[in-house]
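> Modelling step: build the complete structure from the supplied sequences, incorporating the hints.
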Amino acid sequence: QTVVTQEPSLTVSPGGTVTLTCASSTGAVTSGYYPNWFQQKPGQAPRALIYSTTNKHSWTPARFSGSLLGGKAALTLSGAQPEDEAEYYCLVNYVGAWVFGGGTKLTVL
Amino acid sequence: QVQLVQSGAEVKKPGASVKVSCKASGYTFTTYTIHWVRQAPGQRLEWMGWITAGNGNTKYSQNFQGRVTFTGDTSASTAYMELSSLRSEDTAVYYCARQYSYGPWDYWGQGTLVTVSS
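Going down the list, the sequences are from chains A and B. Numbering of the first sequence is given in our numbering, commencing with residue 35 and proceeding in unit increments. Numbering of the second sequence is given in our numbering, commencing with residue 13 and proceeding in unit increments.
Hint data in this document are derived by calculation from the structure and do not stem from the laboratory.
No more than 20 Å apart at the CA atoms, straight line, and that leaves these computed lysine to aspartate or glutamate pairs for EDC-like: (1) B:71 to B:85; (2) A:75 to B:58; (3) A:139 to A:41; (4) B:71 to B:94; (5) A:106 to A:41; (6) A:90 to A:121; (7) A:90 to A:117; (8) A:75 to A:121; (9) A:90 to B:118; (10) A:75 to A:117; (11) A:75 to B:118; (12) A:139 to B:58.
Fair warning: this is a prediction, and the values are worked out from it, not measured in the lab.
What follows is the structure, encoded as structure tokens:
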């Protein structure tokens with residue numbers, strides 16, 4: 035069974051930059067895996083941030099960006115704000131089936 | 013505006029079935045795929061499968077094959093997820109989410125808590 039791995043936790047200072055990554059047990063993540071990124075705060079439904087590797091939704095703050103980095107999907111937050119403290123999940127496609135990563139708990143401190 | 017509104021919380025006994033609804037508004041229901049995702053307490057998101065609202069095609073995660081059924085009612089712009097043979101490990105919040113073709117997953121329902129307890 036395919037496993038998608040993220041950093042369990044990361045900490046960033048207010049105004050700082052941090053990169054979250056998303057790795058696949060099957061090998062390198064490419065754009066063909068259509069990686070998506072979501073933000074989830076306690077007690078809330080996930081909120082979509084990035085789709086198809088790099089594309090932002092109309093509501094995605096400009097400080098978030100998506101990319102491929104060293105065979106992984108990546109989400110970079112530049113200029114972290116206190117309200118960015120949340121759990122972040124990646125989601126990748128494997129020939130019609132989708133798998134979520136384990137999530138990264140991001141602390142802004 | 014686009015909305016996915018799910019049915020209310022459920023409490024079920026082990027072995028029973030549950031059916032959760034997801035009513036769509038603000039867009040053409042038949043042009044999108046609806047995914048179902050669940051999240052057990054303190055756990056990661058888990059993809060359950062999808063239904064294409066236009067033609068009713070479905071794909072289920074192997075983890076739920078044989079126990080879950082997705083249906084859609086185009087006249088009511090509503091998708092349904094039915095999970096059978098419930099066990100305590102199925103206690104979770106169940107979400108529906110919208111996707112356009114191989115494009116973005118964008119809007120999510122508010123979630124439905126299903127509690128399985130004797």
